[in-house]
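Q: Spelled out, the chains give:
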Amino acid sequence: MSATPPVTKPPVVTPSRVIAGLCLLAPFVALLWVNSYSRVTPRFIGIPFFYWYQMAWVPVAAALTYAAYVLVRREERVRKGGAGK
Amino acid sequence: MKNDVNGVALGVFIFFFLAVTVVGFLAARWRRAENALHLDEWGLGGRSFGTWITWFLLGGDLYTAYTFVAVPAAIYGAGAAGFFAVPYTIVTYPLVFLFLPRLWSVSHRHGYVTSSDFIRGRFGSKSLSVAMALTGILATMPYIALQLVGIQAVLDVMGVGGSDSTNWFVKDLPLLIAFGVLAAYTYSSGLRAPALIAFVKDALIYIVIAVAIIYIPYKLGGFDSIFNKASAAYSVKNPKTGLPRGSLVTGPKAQWAYATLAMGSAMALFLYPHSVTAVLSGKSRNTIRRNTTILPLYSLMLGLLAMLGFMAIADGVGKGVKGYNAQLAIPQLFENMFPSWFAGVAFAAVGIGALVPAAIMSIAAANLFTRNIYKDLIKPDATPAQETRVSKIASLVVKVGALVFVLTMDKTVAINFQLLGGIWILQTVPAIVGGLFTRWFHRWALLAGWAAGMGYGTWKAYEQSSPTQAHFGGSSDLIPWIGEKGYIGLTAFVLNVGIAVVLTLVLNLVKAPSGVDETVTADYVAEPEESGPSGSPQPGEPGVPGLPEPAGA
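Chain order of the listed sequences is R and F. For what it's worth, my numbering labels the leading residue of the first sequence as 1, then goes sequentially. For what it's worth, my numbering labels the leading residue of the second sequence as 1, then goes sequentially.
Bound conformation, chain R alone:
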């Protein structure tokens, strides 16, 4: 399990891919678990929690997707460099 694989082929599961996957997964857990946010209080400038909480997830999810993008792109570059040898 923990043995390092031979250099011929990079592993499919890598730490940065796992983190990227978690970044992409988080919005699903947060938003599909409706019971966790289905309430009126606390209000934000008069807007019930239900609405502002979901809207607040828009920038959060975008930032997480961006993080996943950076991680995946960096890894792709490394792989391409490795394949050229």
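I should point out that these hints are in silico values taken from the structure, not numbers from a laboratory. Glycine included, each C-beta is placed from N, C-alpha and C at the ideal position. Treat the hints with care, as some may be off.
Facing chain R, from chain F, some residues (calculated, C-beta under 8 Å) [what the hints assert, rightly or not]: (1) Phe227; (2) Arg289; (3) Pro296.
Starting from the known structure of chain R, fit chain F onto it as the hints suggest.
A: Only chain F this time, still in chain R's reference frame:
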């Protein structure tokens, strides 16, 4: 309704409409390529759009005029349940981040124009690719028709044409003109027209939302007062059914429906033909990935827009009117709140917001017809120039079809079909998304799963009744075994996948022919630069690049 014609608003509306028309025709010259007769040019804008153009194009494409009218209208009608559009458009981006770059790469390598092209290449099955193409065309047609409903709502509130005119010709003339112009520039400019017009559309929309979300609450006494009035309005019980109109937050019984609707819609969104067309017009796979990180800006706008539904209630729009058409609530709110000239800007935003997606949808449906029905079944040796000509004509036919749909049938028919369209598109997920990651599924099993999902989804949607409709009254039904109400499309999807898995196991066991796969693993991660197996060398460009050298040199 007794709306007088609002001269100033109408003038502003016509000004923007004319401006957009000029842009639409000039678009044919924008970034023009040498070979304008290739379908890649007319139908995919030359596959050349960078991150920002793709962003505007996709935003203009996915967030349609119907969305602008229907989402706040749903909030206006029932409250929290209508807000599912926000989580839906949030989770769709992490989801498509995983598979759209693969679709882009494989399409780039093999010159695929539609997702059905990919299915044919991957599974070597024309019946499967035709099934996917027909699903796409069927789901897109009513969607185009609904864009017209969006324009009609705006024209209605401005007092032009609409429901109170008696003469059918006068009543529908503005719509006919709008659609004639749209058809003409789509025909001549292809995908470049909506790509350019999308800039105008989005600029208008963002301005209108920014003003509306600050100015209207200010006039209505702040969000506290708006939500208190809305809450009071939702708790009023319908004397016929004894049920309240809606609720400010989702009740415990509505949560499954809320979550499954968001999830199912998110899965389907990027498999609509018009989404695929816009995605394939991007110039690299990273263009697509970057877009998944910046497109959520539109979701934020959608959330703010949804707030207008509450404002319409607080303003008393449609209060006491029996059978008030909720679709008119937002245009009416604009007219009540804004000075005439700015109401005109807002109406123009909605009107142009209908033209952009209608153009892209008709191009997408035309591409499907040309590539997967005309070329695959009728004329296999069609040249690219012939393909382009057929596609152009098909785009006209599709639009005329949508127009006839809206003018001859009741509006609710278009809405019912759009509901069905979402369920149907979801049934193409196992073949397309599954196919992007694995060749394990058997083509016949996918076809059987698709047929089962389509049948189940259509049947269940037909069975739903609401206080106003005997059939197609909603998109949720009890999920078997779970016993909660959930989105029919997602239940049908699970059935679809289940059948595909079981039949694949059986078909592999009896060694049924699995068809030829013309793609290889490397195609799915291909970058735009890698046109050759080891990257094409470009030292000073000797000879003609891109043309194969004659053998024997």
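Q: Each hint needs a verdict: does it hold in this structure or not?
A: Hints, one by one, checked against the model:
Checking phenylalanine 227 of chain F against chain R by beta carbon gives a least distance of about 6 Å; that is within 8 Å, so the hint holds. For the restraint placing arginine 289 of chain F at the interface with chain R, the shortest Cβ-Cβ distance is roughly 5 Å, inside the 8 Å limit, so the hint holds. Checking proline 296 of chain F against chain R by beta carbon gives a least distance of about 4 Å; that is within 8 Å, so the hint holds.
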